[in-house]
Structures are given as C-alpha cells and as structure tokens.
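All chains, full assembly: derive it from the sequences and hints.
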Amino acid sequence: MEIVRIVVGLTSRALAPRHRELVVLAVALVLAMSTWFSTAAVLSQLRVEWSLSDGQASWLTIVVQLGFVAGALVTALTNLADRIAPLRLFAIGAVGAAFANLLVVAADGFSLAVAARFITGAFLAAVYPPAIKAMAAWFRTGRGLALGVMIGALTVGSALPHLINALGGLDWQATLIMASGLTLLGGLIAERVCVAGPDSMAAAPFDPSQFGVILRNRSFRLASAGYFGHMWELYAMWAWIAAFYGDVFSTSRSASLAAFGVIAIGAAGSVVAGVLSDRRSRASAAGQALRWSAGAAVFTGFLVDAPAPIVVVAGLIWGFWVVADSAQFSAIVTESVDPRYVGTALTVQLAAGFTLTVFTIFLVPLIRDAAGWGWAFALLAPGPILGAWAMRSLERDAA
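So that you can map any letter, position 307 of the sequence shown is 307 in our numbering, and since no number is skipped, the others follow by simple counting.
Source of the hints: derived by calculation from the structure; they are not laboratory data.
Quick list of simulated restraints, FRET-style, between CB atoms:
1) Gly55 to Thr251: 24 to 34 Å
2) Gln173 to Arg280: 40 to 50 Å
3) Phe302 to Pro198: 43 to 53 Å
4) Thr251 to Arg280: 37 to 47 Å
5) Ala196 to Thr251: 45 to 55 Å
6) Phe249 to Arg396: 40 to 50 Å
Glycine residues also receive a C-beta, built at the ideal position from the N, C-alpha and C atoms.
Here you go:
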C-alpha cells in the first residue's frame with residue numbers, strides 16, 4: 001500500500017483531482033475484477049484435475065453470473081447501494097470476493113467450488129455498481145468518457161486471469177490465489193486511497209417505492225433494453241473465447257494470450273465510445289458499438305479454421321466493440337433517475353442483464369457441439385441488434 005500511495009502522490013501533481021480519482025479508481029477496479037473469470041482462465045486444467053463434464057465446466061462460469069444477480073437483487077431491493085458510501089461498499093465487495101475465490105482452492109472439487117464461485121459473484125455485485133456511482137460523482141461533464149474508462153478497467157480486470165495463465169509456469173491454484181490477491185488489493189485502494197466526489201449524495205433512506213419509480217422511467221427502460229441486448233452477447237463471448245481459440249491454436253498458452261488480447265482490447269473500445277458519446281450522444285455511441293459487435297458475432301465463429309492471424313484480427317475487432325457500449329447504458333441511467341437512488345437503478349439494470357447471460361453462456365457450448373462455433377456465436381447477434389433498436393428509439397425521444 002505504501003508503493004500505491006507514492007504513485008498516487010506523483011499522479012496528483014500531474015492531474016486535476018477528478019482525473020486523479022479516475023486513474024486510481026480505474027486501477028482499483030482492474031484489480032478487483034480479476035476474480036470474475038479466474039476459473040474460466042484455468043478451465044482446461046480443472047477439466048483434467050477434477051474430471052469435469054462439459055456441463056460442469058459451464059456451471060463454473062454460469063454460477064458466478066447467478067451469484068452476481070442474487071447479490072445485485074439484494075442490494076437493489078434494500079437500496080444498499082445508496083445507503084452505504086460507494087467506496088466503502090466497493091471495498092467490502094472486493095474483500096468478500098477475494099476470500100470466496102480462495103475457497104475454490106480449498107475446496108479442490110466441483111461441488112464446493114460451485115458454491116464458492118456463487119459467493120464470489122454475489123460479492124462482486126458490491127464492486128461494479130458502486131464504482132460507477134462513485135465516478136459519476138466526479139464527472140458531471142465528460143461523464144461518457146469517464147465511465148468508459150471505468151468499464152475499460154473492468155474489461156482489463158476480467159481479462160487478467162487469461163494473461164496470468166498465458167505467462168505459464170503456474171498451476172491453477174497459483175492462478176486463483178494471484179487473482180484473489182489482486183482483488184483484495186483493489187478493495188484496499190478503493191477504501192484507503194480513493195476520495196468521494198463533489199457530487200456525492202448523502203446516504204439515502206430505505207424507500208422500497210423507488211423500485212417502481214425507476215421502472216416507470218422510459219429512459220431507464222430503453223437504456224435497459226439496450227443493455228439487455230448487450231449482455232445477451234457479452235459474457236457468453238468473454239466466457240467462451242478462450243475455448244474458441246483453443247480450437248484455433250495448438251497450445252493453451254497461445255489460446256490464453258489470444259483470449260486476453262481479445263477481451264482486453266475492449267478497454268480501448270470503451271474509451272473510444274466514451275469520447276463519441278460526449279461529442280454526440282450516449283445513444284448514438286452505444287448504437288454504433290452494438291451494430292459492429294452484432295456483425296462480428298455473425299462472422300467470427302465461422303473463421304475458426306482460417307489462418308490464425310485472421311482469426312485473431314477478427315476476434316480483436318469483436319472484442320473492441322463488444323463492450324464499448326456498456327458504459328453508455330450506465331451513463332444514461334445516472335443522468336435519467338433521481339440522483340439519490342442512482343446506485344439502486346444501476347443495480348436493478350445490472351441484475352436483470354446478468355440474468356440473461358446465464359442462458360447464452362449455457363447455450364453456446366451446446367450449439368457449438370451440435371453445429372460448430374459459427375452458429376454458436378451467431379446466436380449472440382440478435383441481442384445487440386435489439387439493443388441498437390432501443391438506442392434508435394432513445395435518440396428519437398431526444399430529438
């Protein structure tokens with residue numbers, strides 16, 4: 001932590017306060033989200049170690065989504081995201097996720113590992129939404145870019161386990177332990193280094209009626225429809241892209257490195273879309289990303305037998321656009337609902353969106369086995385197509 005404080009001190013001299021907070025909280029989020037895909041990154045090792053079936057392998061990813069949904073629902077229904085300071089809630093979630101992820105190592109078997117991954121997902125629901133809320137309090141203007149940077153951080157954090165695995169020389173236990181250590185560090189940075197923004201709201205009272213108020217907000221509903229289409233595609237792509245490249249490359253290290261690059265490049269896409277949203281509109285930038293990612297979903301899987309460089313380039317294009325729209329749905333919500341209950345609104349949106357991911361994460365390997373990667377990934381395209389339609393409707397409302 002002392003090294004972190006020194007780096008932050010140097011950063012503070014070079015950046016304005018809000019940009020300094022953006023950098024520091026983004027780093028914290030990169031680290032904190034590293035437990036999300038930690039088991040997906042070592043799935044090939046776990047298949048051998050635990051003699052996993054295809055269904056069991058899928059559940060190790062799906063159950064994290066279910067845990068996130070459960071945690072998000074509890075947080076939303078209790079207004080917890082608006083009753084606890086976001087940086088404190090971030091830290092609590094990160095610490096819980098770190099220790100829950102370590103339970104997978106202690107479990108050393110499928111049944112207990114599933115329970116541990118569910119708990120990991122539940123705690124991560126207290127990391128992502130509070131981070132977005134905390135950063136929105138620093139950026140009344142330029143919010144699209146700021147939240148784009150935050151989603152970029154989440155993206156890199158989600159990709160980190162693949163990089164750790166690609167470095168080689170580590171068994172699956174060491175990879176999971178390293179991911180947990182990074183998540184714990186991210187929580188400590190959020191709690192002890194980051195500062196609340198000038199537009200931070202006082203703790204809101206518990207008000208269950210806000211749930212209905214939020215759902216009646218048309219801008220919230222359209223932003224959520226766009227987000228749901230986005231989520232239909234995103235996490236299935238992220239969850240299975242390493243397995244896809246496993247059929248492209250002859251070594252697991254090359255597949256992991258390709259998966260890291262494809263997921264991590266989404267950070268650049270998030271920043272680009274953030275710039276576009278501040279210059280044009282949130283809906284316009286999100287719609288552009290959705291259209292590009294839908295096209296990539298249709299074509300990428302059919303390239304599985306093409307030369308590896310072509311498959312990697314196609315994946316990088318898809319990875320760039322597949323998450324670029326995500327921050328803009330959050331930005332629309334922060335600008336459309338009662339500021340006192342932004343955390344609740346974000347968490348409601350996330351809970352519903354992550355529920356959808358369970359279906360596509362489960363379906364992709366089934367369709368792959370029946371008809372190949374091309375049709376498995378093409379299954380994801382209707383989501384962003386629907387999302388693009390919702391963004392067009394939102395643009396018409398604003399005209």
